[in-house]
Amino acid sequence: MSDDLLPAAYRHLTPWAERWALPTQAERETTRRASTAAQLKGFYDALVGQVDDIIAHLNAFPLDQMPAPEQRLLNLTLSLAEVAPHVELYRGDPRVPFSFEEERFIAEHGAAPNFNGDLYALPNRPA
Amino acid sequence: MNKPVASRWAQQFPQLGTDPVPVEALLSDDYFQREKERLFKHTWLKLARVEELPEPGAWKLKPLPIWDSSIILVRGEDGQIRGFHNTCSHRGNRVIWAQDGHGKARRFSCHFHGWTYNLNGELVHVPQEDEFFDSFCKADNGLAPVAVDVWEGFIFAHLDPQPAINLKDYLGEAAARLSGFPYGEMTAVYAYRTVLNCNWKIAQDAFSEAYHVTTIHAGSFPEGFSAKLYDVQLFGPHRTSAVYMDDKGPTPTPVAALSHRLGTTSIAKRGARVALPPKVNPTRSPNFAFELSVLFPNFLVHIMDGLYFTHQFHPLSVDRTLWEGIQYFRPPRSAGERFSQEYGQVLQRNAWLEDTATMEATHAALKSGAKKVMHLQDQEVLLRHHYQAVDEYVRG
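Chains as they are written, first to last, in this note's numbering: chain A, 226 to 352; chain B, 838 to 1233.
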């Protein structure tokens, strides 16, 4: 099975997965900032109508042992969490309006792939 | 709904006064040096969580410029957590070379001449020991300790290895009020940091009132947080208060609503909140947002049902501050819970980006000398108390 596949029921989202099925928060943030308002809206509209079904599908799998297609679908869905405030609250602005320089905010978990909150188990974590 | 009745804090706490507050405390190098020598070197400071040192031998190096030191925190074979200056007893070299970091060890060995310490900080090996003189005794030359104690899983340290006041008495009633929350179960952690070019009190002030929410957070939190604080309590130099939401707010947006259905991961979620210590949200109001608590001098704890988050402001110099903002949740058990956490923590990150937006500009503008004082209104009572508590240490 190829790494770039989504689960069969969600194969139609493959065109979105290329840009947004990203394993780290840092990549999701960077991609969001590098997108236009139209790109954010397009991605949001493509997912928001079926995200309940996606979650129901993913909930059938153990979070720490997702099959590769499900992990990819989860990563795609986490991009929706990253993008949603910009569409729903910030009028499409790809950056947080009236904010500090985002690039200077360091997320200690930002570079950890498939991160589920286990910060203190990460190697090379800063103090 | 059943929010407590708002008070005039100036009447409740007349000792705080109502005058404008001089900004000298934010700008003066001399004041900063006195904060460093008289305040930070004489109070307990939070350094870590116990989950960061899960087993014997686990260590973490915490740089503390305000102590002119870096502290090695380590869990011993006996399970106790201890703290030592990262300074070799031989000629003072760093024992751990990295500026910060963490790891697991059975011994610490200095790379300079190989002096070796056990997890209790005792000097256990000196190469060519017989070349030293009678004036040297291995037993007297362990790593220099600091005092370490733990409250609710938060590891605190005091520069004085035998501090005049222990941690429990130092935190006093503030700790009693916040104890009993399931901190130890909330081990899914999302941590942010940045260095802010401003005085540490400017940074901390921005998180110590709700007056700013409707303006600064018009973007991320349009839910209708009350600009007032409720249930303000002062406990010595520490302080706590509650933030509530207005009775009605806008209907949550689609993804926010989904996140709220899948978990309790955001201060923006409304609903019954009951897993709290009895004195926090005592009426169990569904409009309760979070408890805003400041453990003096520089550690903020916000608890609510389902999560907690903390801020800490480490002064680096009079005009530079290392800020750390950390969100803690229960480990997600499913993709849905993970999604809810991601939405909640990302939105909170965005709110923190809004909070930090003003700080550097404020410091830069105050440096002009154009304004000698700042005006604090009644709902900025926690700031007023902070300046007074800092000043008491600084003036001795």
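Watch out, some of these pointers could steer you wrong.
[As the list claims (entries may be wrong)] Here are some chain B residues pointing at chain A (derived, C-beta under 8 Å):
(1) Phe-973
(2) Ser-1057
(3) Val-1183
(4) Val-1210
(5) Gln-1214
Since the hints were made in silico from the structure, they are not lab data. Ideal Cβ positions, reconstructed from N, Cα and C, are used throughout, including at glycine.
Hint-by-hint comparison with the structure:
1. Phe-973: violated, 32 Å
2. Ser-1057: With a closest approach of 6 Å, the Ser-1057 (chain B) hint holds.
3. Val-1183: Interface hint status for Val-1183 (chain B): holds (6 Å vs cutoff 8 Å).
4. Val-1210: Violated. Min distance 26 Å.
5. Gln-1214: Not OK, violated: Gln-1214 (chain B) not within 8 Å of chain A, min 22 Å.
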